[in-house]
Amino acid sequence: MADEFNALQRTGTWTLVPYKSSMNVLLNKWVYRIKTNSDGSIERFKARLVANGFHQQEGIDFCETFSPMVTHATIRLILSIALHFQWPIRQLDVQNAFLHGTLNEEVYMRQPAGFVDPQFPSHVCRLRRSLYGLKQAPRAWFQCFSQKLEHLGFTASQADSSLFTYFDGSTIIYLLIYVDDILVTGNNNAHLSQFITQLGTHFAMKDLGPLHYFLGMEVSQTPSAFYLTQSKYILELLQKTNMAYAKPISTPVPSGKRLSLYDGEPLSDGSSFRSVVGALQYLLFTRPDIAYAVNQVCQFMHSPTTAHWAAVKRILRYLKGTHDHGLLYKPSHLTLTTFADADYAGDPDTRRSTGGHCIFLGNNLISWSSKKQRGVSRSSTETEYRQLAYTSAHLSWFRNLFRDLYLPLQPPRL
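Be aware that the sequence shown starts at -15, since it is given in our numbering, and climbs by one per residue.
Mixed in with the good hints, there may be bad ones.
Stated by the list, open to error - Straight-line distance between alpha carbons at most 20 Å, and here's what the computed EDC-like set of lysine to aspartate or glutamate pairs gives:
# : residue 1 : residue 2
1 : Lys30     : Asp164
2 : Lys19     : Glu48
3 : Lys304    : Asp23
No wet-lab data here; the hints were simulated from the structure.
Turn these sequences into a full structure, and let the hints guide you.
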């Protein structure tokens, strides 16, 4: 707590001002967390001061809150490209990232418990820097970081705003940012180290070395391959849902069975269902094999029943036996190959169709989707054409991403 408070003081996060009745003064609290490594060992203990942003009033102490977030497909694409060219991938962590963002609005907060100034006990904090918990904090931090990158010669991608590229002669650097977690790769290792050192002079940056554990994704590297898994995340999810000792099953969904809104009895409390389904959605980072099953249960978040909960438990039983499954990436050619398919009027309630696609870069799977179509098709041909249109739009986005990376796409193989 003392380390966190001292960091807040060093960055000039707030100044103490006399309290006025017209101020909207936010509460705050201390949040404690034990950060662990991918093997479960303790990395460090953390204490963080968090503002209660739920009491903020739009137009008074916050306005715009949207902050770009890098897509998982972009992360997998960059990993595949780096492996193709045998580039090093470095992982960075920004300490107290949100404290670097500057606030444009007047935001007031109570002094933190345990650290009230004895000379001014009735004063409140006028926040100058963004703080965790504020609605505009992610946006303020991203603006600060992106402006610094642009000053260093980086350009934001038009296809994915969280991807930044640097080109100077023969030097290439790609940077991905996901809140305060950063991946950097490039073709010049010396220039890469120089850039990381330069970035560390502006932000409290921690160089975590080669990529090994990123956003809950475990990366096992060999000279010629990456293996991406979320084994630790799955085991924690099974423990949380009391399914750690469940009997494994070989498939995530039964053959020929489609869920209906009217199956089973309504759950008395659907919060656990929504929490587990949300956790399963995050597993789609490395598990395309459960995309269809998760898409099915996601359609009943508003009114889950016992039958829907049984379907979720079946997915968990499948994960119990396949927790170490993931994606294997190997060096391959830079050709995009796409497969798409759809059923016809498969939904028993709305008669809408479900379509899916998968996109490969060479032999590496970088993007996939399983999603119910928006309209009702009048024939199986219309269903297939709809899915081809959705897939072509996503493929066009990838082509724009390659353009921003200044990488020529190889023509399709005949």
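For a quick check of understanding: which of the numbered hints are violated here, in increasing order? When the structure is compared with the hints, only number 2 turns out to be violated.
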